[in-house]
Amino acid sequence: MDVITDSHVEGNVEHEDHGLSDLGYIKIALLLAVLTAIEVLTYFVDFGVLEVPSLLILMVVKFQIVISYFMHLKFDNKIFSYLFITGLVLAVVVFAAMATSLVFWTDPAGCDAGRFC
Amino acid sequence: MKARRRLPLDNATEVNTSQLAYGPTEWDDYDVPPLTTGLSNEKMTMWAFLGSDCLLFASLISTYLLLRNRVGPDTDGSTAAELFDIPFTSVSSFVLLMSSLTMVLAVTSIGRGEIERCKMWLLTTATLGAVFIAGQVYEFTGFYREGLGFTTNISSSAFFTLTGFHGVHVSLGIVMLVTLWSLISRGNIGAERAETVEIIGLYWHFVDIVWIVIFAVVYLIP
Amino acid sequence: MAITEEPPLILELESGETKPSTGAFARPTYAKGWRAWVFTVDHKKIGIMYGAVAMFWFLWGGIEALLIRTQLLTPNGTVLTAEQYNQIFTMHGTTMVFLVVMPLAAAFANYIVPLQIGARDVAFPRMNALGLWIFVFGGIFLNLSWFLGGGPDGGWFAYAPNTSVTFSPGAGMDFYAMGLQIAGIASLVGAINLIVTIINMRAPGMTLLRMPVFTWMILVVQFLLLFALPVITVALVLLSLDRTFDANFFNVGMGADPLLWQHLFWIFGHPEVYILILPSFGIVSETLPVFSRKPLFGYSVIVISGAAIGFMGWGVWAHHMFVSGLGPVSVAAFSATTMFIAVPTGVKILNWIATMWGGKITFTVPMMFSISLVSMFTIGGLSGVMHSVAPADTQQTDTYFIVAHFHYVLFGGALMGLFAGMYYWWPKAFGYKLNETLGKWHFWIVLVGFNLTFGPMHILGLQGMARRHSRYGPEDGFDFWNLMVSIGAFVILIGMIIFAINIVKTWLGYKAGTIEQSPADPWDGRTLEWSIPSPTPEHNFDYVPVVTDLDDFWHKKYQKDENGKLRKVADGNAIAQLGDQHPHLPSPSYWPIVLASGLPLIALGLIYTLWLTGIGLLVLVAAIYGWSLEPHTDPDASHGHGDDHDDDEPDGDHSENLIDSPKDESTEEAPVG
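Protein chains in written order, with numbering that gives the first Met the number 0: chain A, 0 to 116; chain B, 0 to 221; chain C, 0 to 672.
Each hint should be verified, as a subset may be incorrect.
Label-pair restraints from in silico Cβ distances [claimed, not checked]: (1) Q63/A with T150/B: 33 to 39 angstroms; (2) T24/B with W356/C: 36 to 42 angstroms; (3) G189/B with V88/A: 35 to 41 angstroms.
I should point out that these hints are in silico values taken from the structure, not numbers from a laboratory. We put the CB at the ideal spot given by N, CA and C, even for glycine.
Could you put the whole structure together from the sequences, leaning on the hints where they help?
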């Protein structure tokens with residue numbers, strides 16, 4: 000495994016195969032902390048109609064940042080991404096479909112005798 | 000109709016018996032044939048496993064989302080959501096997030112051969128994870144004292160199952176980190192096997208991103 | 000060979016420094032006897048064991064079927080009580096799906112895939128052994144229920160809340176839930192191993208689109224397993240938590256929705272049926288070209304449709320729930336997706352027919368079984384498409400029409416394909432062919448018996464005979480066809496007895512020397528496994544095969560001359576490798592079977608007493624540490640040798656899946672050594 004020297008002081012210097020420097024990772028962590036703070040802010044401040052979308056967007060952005068940088072997927076071979084993203088996408092799509100079916104597509108009138116449901 | 004060709008099975012022309020179909024090649028000079036993609040088997044295993052784990056947590060999260068507000072004639076007690084202490088859980092979440100940072104630093108340090116520093120970061124990560132777990136335990140015992148146990152109602156069963164699964168994942172991660180620390184101390188893992196640390200790191204980060212989802216979807220979204 | 004406790008090996012790390020290995024015992028070195036099998040990490044022995052154990056369960060599942068058919072031979076049968084009947088049909092289905100078809104596919108995958116990709120073993124040989132032993136113990140555990148209060152009685156699909164403690168008070172469903180968790184771990188471990196093997200250990204020059212179709216189908220199946228198993232894991236956990244720890248997931252009084260179980264189960268369950276059929280599709284994609292002496296028609300289309308089936312299979316699950324109260328919009332959506340999924344399957348059928356068309360066909364036994372898959376599966380597929388029309392399914396569901404459908408696809412499809420594989424690859428595995436004459440008797444009697452058993456079920460279903468009922472009345476008018484069905488079942492039995500006789504006779508004959516040893520390439524095959532001796536040498540390939548083409552071995556034997564005509568340039572047996580090299584191989588290991596044994600203890604403990612769970616966890620932790628720290632066979636060996644590294648991640652898997660059985664916070668571990 001190759002070496003990243005601390006003396007690269009550029010912060011977010013992205014080396015092709017080697018990810019970020021330590022300082023770069025610290026900056027990423029700070030970014031994540033800020034995003035988390037904004038998320039928590041929704042508890043204290045009324046975002047109104049923006050609350051749920053903001054939380055979801057922040058969640059996705061944090062998720063993406065940890066995967067790409069901390070888990071190195073951005074710099075690694077695509078095969079790893081395919082393996083993981085397939086599972087992730089399947090998970091989201093299948094369970095979104097299940098939720099839709101269970102919550103939004105139920106027959107509001109119920110299954111009376113003689114009615115197909 | 001086109002005439003069909005017979006395959007000349009019986010009229011073998013040059014049957015060459017001295018040559019093997021697959022004889023020695025320069026690939027046999029390797030003790031070990033190079034891996035097809037050049038990627039590590041172990042790392043690929045961990046990514047495949049994490050892909051699978053996405054479905055595990057998706058099922059649990061969906062189950063929770065479906066059941067969290069459901070009531071029936073026997074329902075008693077509050078839902079889990081009514082008892083959340085968001086400030087407290089925010090601190091816990093922050094702790095876990097930072098543990099991901101310390102984990103990355105452990106990986107980069109062993110990549111540079113800085114064994115002692117790696118050990119330090121590993122222990123820090125494990126400690127932060129333990130703090131997170133302690134926070135969970137505190138939170139859950141608090142709920143229990145307020146009348147929300149595992150069996151209280153359907154919402155509580157779902158909540159504790161989801162967070163419990165996550166907590167067990169974290170706990171196993173902590174044990175792995177401590178074991179890793181110990182093996183590095185004993186010299187079984189050096190800089191040349193730094194990938195081991197990276198692979199454990201992947202697991203740890205995954206546990207963190209699951210919590211990112213749980214924190215948003217279970218705690219924050221009303 | 001005796002095992003001695005040697006002083007710790009010295010590990011020489013790549014950096015040059017030496018460290019003592021921490022393994023307490025040296026790895027076993029048995030080459031013969033039962034211990035050579037129990038501690039083996041060789042994919043071929045593991046494959047054979049998967050197959051042998053699966054055939055044992057096939058016998059048991061078949062007996063369960065015969066019990067069902069004896070009960071239903073006449074109206075108001077008295078062979079089984081209703082409670083017994085529930086247990087028998089539940090276990091018949093559970094056994095056949097999880098303990099027969101899946102492990103038989105695993106047997107072939109384990110044995111054949113490394114050979115087809117030119118590898119010496121799978122990526123993680125110890126993990127491979129682990130999967131086998133977990134499966135063995137899981138099957139035993141599941142069937143312990145018979146002796147400990149009765150088998151599970153909720154159907155193989157175990158719908159909650161019917162399977163909750165209120166309605167299913169015995170321990171049977173607990174054995175079901177935990178038994179399937181255990182078996183699921185085996186499949187998951189195997190899936191990860193095979194995925195990494197197929198992606199990362201192919202011979203030089205073997206691109207993905209030069210891989211044999213069987214290997215491709217196995218790859219798709221492993222991905223299906225990888226992603227579907229967690230969902231049933233969760234479903235079974237929820238059920239177990241309800242049953243053992245009083246959770247409320249399926250407690251309707253607490254507001255539970257019974258549809259939750261159904262969704263979770265079938266999100267797994269539908270990919271599961273593709274897991275069951277795709278290996279057999281792969282097998283016949285191998286045999287049909289060989290015995291038609293023509294390349295597979297439309298290789299890339301077959302590969303893509305296999306992947307498409309795997310992918311689309313995730314979008315159809317609720318067609319098992321059309322009458323469960325989903326609502327018309329859901330029903331319509333899933334009805335449409337179910338119709339679509341018939342397309343890639345139909346494409347494959349057409350491609351197989353086109354493969355045979357114009358070929359020089361030899362009707363060997365494997366070929367006959369393969370052709371029967373094509374025809375019988377088509378019949379099953381047609382009834383399947385009828386079910387996809389939701390209004391029609393409203394009449395068909397829960398009747399024997401469905402039973403007919405799935406037996407046509409699973410028996411007429413999956414099982415016939417597996418038999419084809421057995422006859423086809425038997426010489427490679429054991430060094431001699433099964434007897435053709437007995438094989439033909441086996442085939443025809445089974446084919447006739449199978450159609451006699453399941454054909455009339457279409458009629459019975461449309462006449463209104465319901466599934467899962469322990470008896471029917473004399474006034475129903477089902478007598479005649481049920482009689483035919485039951486007779487058919489016993490005809491199948493006769494066919495299977497002939498198969499057993501075939502196996503025993505040829506084995507005895509081979510040992511006595513009266514049956515000739517098969518050469519490397521008895522069928523004039525197309526793929527790499529036929530370029531090495533029969534039976535396969537332990538190290539598989541003397542030299543790494545370098546591949547330049549699809550069906551590369553065939554191209555070594557048949558080439559186009561200057562006029563563009565295909566000419567035979569070599570006899571397969573003459574150019575096959577000789578098996579005379581002796582490369583280093585991974586050592587056997589104690590730990591896989593030890594680790595596997597912890598799981599049933601944990602499960603039994605959860606049913607009876609937590610002390611047992613504690614013991615099981617200790618065994619598990621000890622085994623994980625032992626595994627991670629045991630010495631390398633060859634300290635200089637590194638990745639990719641097929642040798643396990645101490646820094647494997649099998650442990651991550653177990654620790655993960657141990658979470659699936661509800662337990663307290665014990666943290667048994669997955670160290671990375």
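Going through the hints against the structure:
Distance hint check: the CB atoms of Q63/A and T150/B are about 38 angstroms apart, consistent with the given range 33 to 39 angstroms. Against the hinted window of 36 to 42 angstroms, the Cβ-Cβ separation of T24/B and W356/C comes to about 38 angstroms, which satisfies the hint. At roughly 38 angstroms, the beta carbons of G189/B and V88/A sit within the given window of 35 to 41 angstroms.
The structure shown violates none of the earlier numbered hints.
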